[in-house]
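Undergrad: One letter stands for each residue in the lines below.
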Amino acid sequence: MSTLTGIWGKFNKNRGNAFGYGLLIPSIIVFAIFTFWPFLYTVYLSFFDWNMISPEKEFVGLRNYMEVLSDSKTYRIIGNTFLYIVLLLAINCVVPYIFAFVIDVVLKRFNGFYKSAMFLPAFISLVVGSILFTWILNPVSGPLAIIFGWLGLEIPNWTKTQGWVILVLSLITSWKVFGYNFILLYASINGISREVIESARLDNVPLWRLFLQIILPMSSATGIYVFIITIVQSLQYVFTPVKVITQGGPDYASSNLIYHAYHEAFVVYRTGHSAAISIITMALFLILLFLEFKLVERGIYYEN
Amino acid sequence: MKTNRAVALTWHIIFMATVLILVFPIIYAVGMSFKPLQDAYNNVLNILPLHPSLENYITLFDTLPILQITMNTFIIASVVTIFKIVTSFLAAYAFVYFDFKGKEILYFVLIGTIFIPFTVTMIPNYLIISEMGLLDSIWGVMLPQLADAVGIFLIRQSMKSIPVSLVEVARLDNMGHRRIMKDIVLPLVRPAVTAVGIWFFISTWNEFVWPVLILKTTDNYTLPLALQMFISSEGGTNFTVAMAVSVITMIIPLILYLIFQKYIIGTFTSSGIK
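Residue numbers (numbering that gives the first Met the number 0), protein chains in the order written: chain V, 0 to 303; chain A, 0 to 273.
Isolated chain V (complex conformation) (with noise of 0.2 Å):
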């Protein structure tokens, strides 16, 4: 009886196991079919010479790499990818930890509201926010080159100009993405023992030091996230932006890593590079996430 009541209990677990596999298997057809295919067919490609017309693709081995790698036009594109990263780095990661510190345990008025419009323009298209900057931001006919122009200051030619046109198209990114990662930092401060936060105000602790020393290594299970996503989707987002304003130019100066895999592929066919330029991407995020952990994991603290 006993043995048969553990086959029954045995088979029962069988049971709910497949189910459990069951609930899984719409998702995981999905990432098959979409995600890990193609990215296993992108690593093929990636050694292969093919428009994405011809019927014949040639087996060009490592030439893809080799080409990729020494081209002077790649070490730009690094280059402005690594200027991209810095710069949405301070302007989405560090800005909005401050700015979530100070709402949630320094000011007592108008939480509520800036938590509230700061978050605002996530909800809104990339795309609206890069034709209403290039509108905004124009040199000569908009409304800031026209309020500069009473106090004698000019807007440079920032979409014709080497520097200022990255600087520009982050700005125009963080637009979209900052209240986003505020929200997700400040509701991660917000999570903090109030206690903790109280007592180090009541030992006249200073607020530098509250934050360096408190607040951030106990926040930083969610500062590491959002860093991560930082680096990893926004650089995507400048995507829309390069794309709608400057497609890459002027000569090459505003082109990242993932814009030029697109115009490779899509602008002048050349699918190898594309494929060779997108793997080298996902390396290069691989290790600057892994030298990421290797940095920060001792002082992670999980929040839970």
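Since the hints were made in silico from the structure, they are not lab data. Glycine included, each C-beta is placed from N, C-alpha and C at the ideal position. Don't take each hint at face value.
As the list claims (entries may be wrong) - Quick look at which bits of chain A chain V covers, simulated, 3 or more residues with Cβ under 8 Å: (1) 6-12; (2) 78-91; (3) 95-106; (4) 217-230.
Please arrange chain A on chain V, whose structure you already have, making use of the hints.
TA: Below, chain A alone, put in the same frame as chain V:
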């Protein structure tokens, strides 16, 4: 300790300035969309139109199948959202309430896909959609996006906060998983599911990169693509009409924002990223 008044005032000024930078463009767009083009050029600094007119909207309806385009955007965003919510909810349930071989690895792999840049999957996905004959069709836009790792992640976080005993008691009562899902788990995670759903809807509504690859004719466009048509390399001669499209693109997200922002902020606060 009291916060120094001067310090507080400085911060308020900084935050007000930030809010102004973030919100001003939206208000500006609405104002501009009701200005005739000439007025927009002559009175750049007037946010409110001196002679409000519907000219831009009329031009827009004359030149573009804007109702069709709005409808496309709405269908894509709705279908994608519904599928993503269902697939994410089911997967999250499996990850939280079942034990099976390779569960941790599978979860790790699925969540890991968040960090794959879209360029890595873009060419093969384009080829798949092309093979299926779905280029220039809204189905081609929707098909690759019917599941979502972030959705699985957030809904799983929310399910994990439900006391295990609740589900265990139901199991002891011989309640089937289908009923537990529907009658116990779903009502408890509904706020999170709503928030995630709104977020999916907004993201898909605003999506640009993938539709730009798939959709070719204006009849099949979504709103962000229609908007892009008004940016000419010479610098937008149809600027005020572009503003009218912007306003149409923004209306639904703004309404959803007004209704649901507390919900979404609340979901981030309670389930968080841990």
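Undergrad: Indicate, hint by hint, whether the structure satisfies it.
TA: Consistency of the hints with the structure:
| no. | hint | result |
| --- | --- | --- |
| 1 | 6-12 | holds (count 4) |
| 2 | 78-91 | holds (count 5) |
| 3 | 95-106 | holds (count 5) |
| 4 | 217-230 | holds (count 6) |
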